[in-house]
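Enquirer: Below are the chains, spelled out letter by letter.
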Amino acid sequence: MIKTWELDPNFKYEILKEPGGEHLTACFQCSTCTLGCPLTEIIPTYNPRRMIQMSLLGMRNEVLSNPDLWVCLICQTCTARCPQDVQIADLLGAIRRIAEREEETGKLKISSVRPSFDKAFMHQIQKYGRLYDMGLAMEYYKVKEGSFIKGMMAMSKDYKKFGMRMFKKGKMGVKSMFPEKVKDREVMRKIFERMGAEKK
Amino acid sequence: MSNLKYAYFPGCPSESTAIDQDMSVKAVFERLGVELEEMEDWNCCGASEVEDPEIVYALNARNLAIAEKKGLNIMTPCSICYYNLQRSNKVLRENEELRKKIHSIDSSLTYNGGVEVKHVVDALVNDIGIEEISSKVQKKVNVKVAPYYGCYMGRPPLTAFDDPDAPILMDRLIEVIGGEVVPFDYRKAKCCGGPLMMTVPDIAFKMARDILEGAKNAGADCIVLACPLCGMMLDAKQEDIEEAFGIKIGLPVLYITQLLGLALGISPDKLGLNKNVVDTKAIVGRVV
Ligand code: SF4
Ligand code: SF4
Chain A
1 MIKTWELDPN FKYEILKEPG GEHLTACFQC STCTLGCPLT EIIPTYNPRR
51 MIQMSLLGMR NEVLSNPDLW VCLICQTCTA RCPQDVQIAD LLGAIRRIAE
101 REEETGKLKI SSVRPSFDKA FMHQIQKYGR LYDMGLAMEY YKVKEGSFIK
151 GMMAMSKDYK KFGMRMFKKG KMGVKSMFPE KVKDREVMRK IFERMGAEKK
Chain B
1 MSNLKYAYFP GCPSESTAID QDMSVKAVFE RLGVELEEME DWNCCGASEV
51 EDPEIVYALN ARNLAIAEKK GLNIMTPCSI CYYNLQRSNK VLRENEELRK
101 KIHSIDSSLT YNGGVEVKHV VDALVNDIGI EEISSKVQKK VNVKVAPYYG
151 CYMGRPPLTA FDDPDAPILM DRLIEVIGGE VVPFDYRKAK CCGGPLMMTV
201 PDIAFKMARD ILEGAKNAGA DCIVLACPLC GMMLDAKQED IEEAFGIKIG
251 LPVLYITQLL GLALGISPDK LGLNKNVVDT KAIVGRVV
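Quick note, the sequences are listed as chains A and B, same order. Quick note: the first sequence, position 59, residue 59 per our numbering, numbers continuous. Quick note: the second sequence, position 189, residue 189 per our numbering, numbers continuous.
Please keep in mind that the hints were generated in silico from the structure rather than gathered at the bench. Check before you lean on any hint, since a few could be wrong.
As the list claims (entries may be wrong) - Only some residues are given here: those of chain B computed to face chain A with a beta carbon under 8 Å: (1) Ile55; (2) Ala58; (3) Thr110.
Said to hold, decoys possible - Just so you have them, the derived chain B footprint on chain A, three or more residues with Cβ under 8 Å: (4) 6 to 12; (5) 26 to 34.
Yeah, the Cβ is synthetic: ideal placement off N, Cα and C, and Gly gets one too.
The shape of chain A in the complex, shown without the other chains (with noise of 0.2 Å):
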């Protein structure tokens, strides 16, 4: 049921600012992006469609809070097909660094992992310049599992098969323990602090 006083007005206004969410007032609720998604055979209740018309009505925390947020496969299907040119993929990228935005500032706790795994990924990038699968893995699993040795150990019981396999190929040794950089990393710091700063 729809709480009309619970209802964010703003909501929509928000999302438009975002990169990525320009287009959500072009939506004319017909389903084409749930009817193709992939994700439905998967989760039968998976529904981005919805997800457009709550964020349309400002139900800003049902939207935020929605687990089905994080597991978008970002495989541009439901972009595709729109006949608004909605930008479906690109959107549901906004609400979710809305929704990070949020649990930084403590208003909201995402069960998700999905954001400490980005997050990880982002600080390789900003540190090497290059990704560096080693650092990344250590990062996520350290906060994933809640300390350093727990993640380590979570870690080599998720990875020991494969990276034996991998190591086998000669697609892991010696070389992918440390990691790739650009000369110029001092640009990749730039380019973080910048570009997420103005939006806080």
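With chain A held as given, fit chain B with the ligands onto it using these hints.
Expert: Frame of chain A, contents of chain B with the ligands only:
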């Protein structure tokens, strides 16, 4: 073809998990007489994890600027790098305000819009051309192939260079080297689950299982693809998927440049065919 030359953007997995793709791309382009000059000091494109498009544009403004200084167009073998480089290219060309904003961060991010970005499959079919490739084919690939395109060759419309639902460019490459394309319908362009591999592995595995079983049921001897993340899911993780669902797949997964390289007479070792996780010997043996 001697006048074609690209700035090569290898992408982060090129020295580790997708080293086989990197080796085969270089070998195939060398055989075709097309020069690749690796971009000096390129940086990560942002992958799927940098969700803020403006950060993606800034990261890739630097890459585009590096190629622009050389006066070369970019070619990349990774579908995600392609998507990020190309959308940045299109958006930066159109949006002067954004260009200025990014330029104000650092002068190395100054890009003036003079570069084209090509995915390896696009470069092979549309720049080099099927006819040219056909004239260099030495061997016939007697293999049934499931061509797997994944998400970013045909989607989203801004950056697509093939059909969103029924892509065909790799089919044409497979046919010209004598391979048989099995009917692989909508699975050709259905997501492999890769983006959720680390955060919601059970969904990622279900997505990948559908592609693998679909290929097997279609009678394919192997899957052919052109993206390191798809390669990770379908090849490197195949054993984990078999274990998780108690099934047996055992399907070799090759990069399109590996299969093409065999037809062009390049040795399997040079194409990194001993590095694919599922053994590829059965496929190599059928290229004569
Ligand atoms: S396909 Fe586009 S217009 Fe139709 S419901 Fe989805 S977002 Fe709205
Ligand atoms: S991008 Fe996300 S919402 Fe859109 S079709 Fe793919 S999984 Fe579904």
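Enquirer: Taking the hints in turn, state whether each one holds.
Expert: Checked hints:
Look at Ile55 (chain B): its Cβ gets to within about 5 Å of chain A, closer than 8 Å, so that hint holds up. The beta carbon of Ala58 (chain B) comes within 5 Å of a beta carbon in chain A, closer than 8 Å, and the hint placing it at the interface holds. Because the beta carbon of Thr110 (chain B) sits about 12 Å from the nearest beta carbon in chain A, more than 8 Å, this interface hint is broken. As drawn, the segment 6 to 12 of chain A meets chain B at 0 residues by the rule of a beta-carbon pair under 8 Å; below three, the given contact is violated.
Three residues within the 8 Å Cβ limit are the bar, and the segment 26 to 34 of chain A against chain B gives 0, so the coverage statement is violated.
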